[in-house]
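Protein chains in written order, with numbering that gives the first Met the number 0: chain A, 0 to 228; chain B, 0 to 228.
Rather than coming from a laboratory, the hints here were simulated on the basis of the structure. Every value quoted in this text rests on a predicted model; they were computed, and no experiment measured them. Everything hinted at is true.
Just a few of them, taken from the derived set where beta-carbon distance is under 7 Å, the chain A residues facing chain B: (1) Asp69; (2) Val72; (3) Pro100; (4) Pro135; (5) Asp140; (6) Ala144; (7) Gly152.
Beta carbons: idealized from backbone N, C-alpha and C, even for Gly.
There are 2 protein chains.
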Amino acid sequence: MSNALVLFSGGQDSTTCLAWALARFDHVETIGFDYGQRHRIELDVRPAVLAGLRKIADWDSRLGEDRVIDLAVLGQISQTALTQNVAIAMQDNGLPNTFVPGRNLIFMNFAAAVAYRRGIKNIVTGVCETDFSGYPDCRDDTMKAVQLALNLGMEARFVIHTPLMWIDKAQTWELSQELGGGALVDLIREDTHTCYNGDRTHRHDWGYGCGACPACELRAQGYARFTAA
Amino acid sequence: MSNALVLFSGGQDSTTCLAWALARFDHVETIGFDYGQRHRIELDVRPAVLAGLRKIADWDSRLGEDRVIDLAVLGQISQTALTQNVAIAMQDNGLPNTFVPGRNLIFMNFAAAVAYRRGIKNIVTGVCETDFSGYPDCRDDTMKAVQLALNLGMEARFVIHTPLMWIDKAQTWELSQELGGGALVDLIREDTHTCYNGDRTHRHDWGYGCGACPACELRAQGYARFTAA
Chain A
0 MSNALVLFSG GQDSTTCLAW ALARFDHVET IGFDYGQRHR IELDVRPAVL AGLRKIADWD
60 SRLGEDRVID LAVLGQISQT ALTQNVAIAM QDNGLPNTFV PGRNLIFMNF AAAVAYRRGI
120 KNIVTGVCET DFSGYPDCRD DTMKAVQLAL NLGMEARFVI HTPLMWIDKA QTWELSQELG
180 GGALVDLIRE DTHTCYNGDR THRHDWGYGC GACPACELRA QGYARFTAA
Chain B
0 MSNALVLFSG GQDSTTCLAW ALARFDHVET IGFDYGQRHR IELDVRPAVL AGLRKIADWD
60 SRLGEDRVID LAVLGQISQT ALTQNVAIAM QDNGLPNTFV PGRNLIFMNF AAAVAYRRGI
120 KNIVTGVCET DFSGYPDCRD DTMKAVQLAL NLGMEARFVI HTPLMWIDKA QTWELSQELG
180 GGALVDLIRE DTHTCYNGDR THRHDWGYGC GACPACELRA QGYARFTAA
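Chain A extracted, bound-state conformation (with noise of 0.2 Å):
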């Protein structure tokens, strides 16, 4: 039995990942990182995401157990880390001053000693360096470097898949598509979150959000895209 662990976020690009391991692996877990993220409200509508999915396809009878580890020590990290207590602020490069550096990796070991202890072979996530240039920690080099050192490091053989990896936006609302038709682009749409501004008021074609930020613009352009095509 093929078996997978994802890492979820709540957002559309790890639901998208999340469909894909479920249309391909026979059973499939979830792990999520709350870490006082600015846009938490992902966190919240994980179950409703996690609940729609149960109704596509065959699906419900491969989704297995969900876990949210809190990660909260990485605030300890950028407030320590700093030589003065600061507030939290944004800075000049957009990132967050709480921002800690190579985070992502620190949640692929986290989800690759929960995939040990659980006898889980294929990590899934969403990073993408298509649409993003900011984050060496999500590029491909990277990941492909973190699973050999997870593999040295726990005499293991993990796979780590990045469906994601080179497709943009549009591309990934065409992926939903095909994973579960309509039903999962729907869900998408609906229940999944993105803005950075945690608006889950303003209601567009391609979901809710403030429609301004740069989360909101790549998720509508890729709509745009993809539902012109």
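Chain A is fixed; fit chain B onto it per the hints.
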């Protein structure tokens, strides 16, 4: 000005690595991890060891900030990763059932996140292939893969130093003699802690400990070979 961050647990190995760094770099900071370890006494001896190191050579002027990161979440991983809650106990393989595989990878990632924010280039860890074979996350191959993953994932040029990788415990004692003379050997004997059972009541020529656990045996045998040489 050269600088380093040393993974410092309060044990013999990491104390020797810290001395190695103090003899080599202009500015040296330390990081420890509180994860509910069995021999938590290590954390308690850290301040005394640091104070002792300040009295050797010009190390007082080189020794910078010390941090202890709360990684109680590792306990959460081991608990939630089991299908049922079970009592903490030793397993047949000699590891506690709370053992998180690849734990040392997680430590390295957190250390690198702190080093990044502190502008520190060198990361020093006391991992060693010689005396232990059970921990794949301490091997030389693993550390080299971790350096690759960290540098790709953080767009950085960290150098991971492992001064103890290929030496045995007798040579570790010799190294401390070379680095800090009798004062350092005495400090390590008196103030560092190794015993798995957290025993600080039984005094031996090589330090405090139960004298019977594998960690005490290694330390005692190494000291005997060192003093006989």
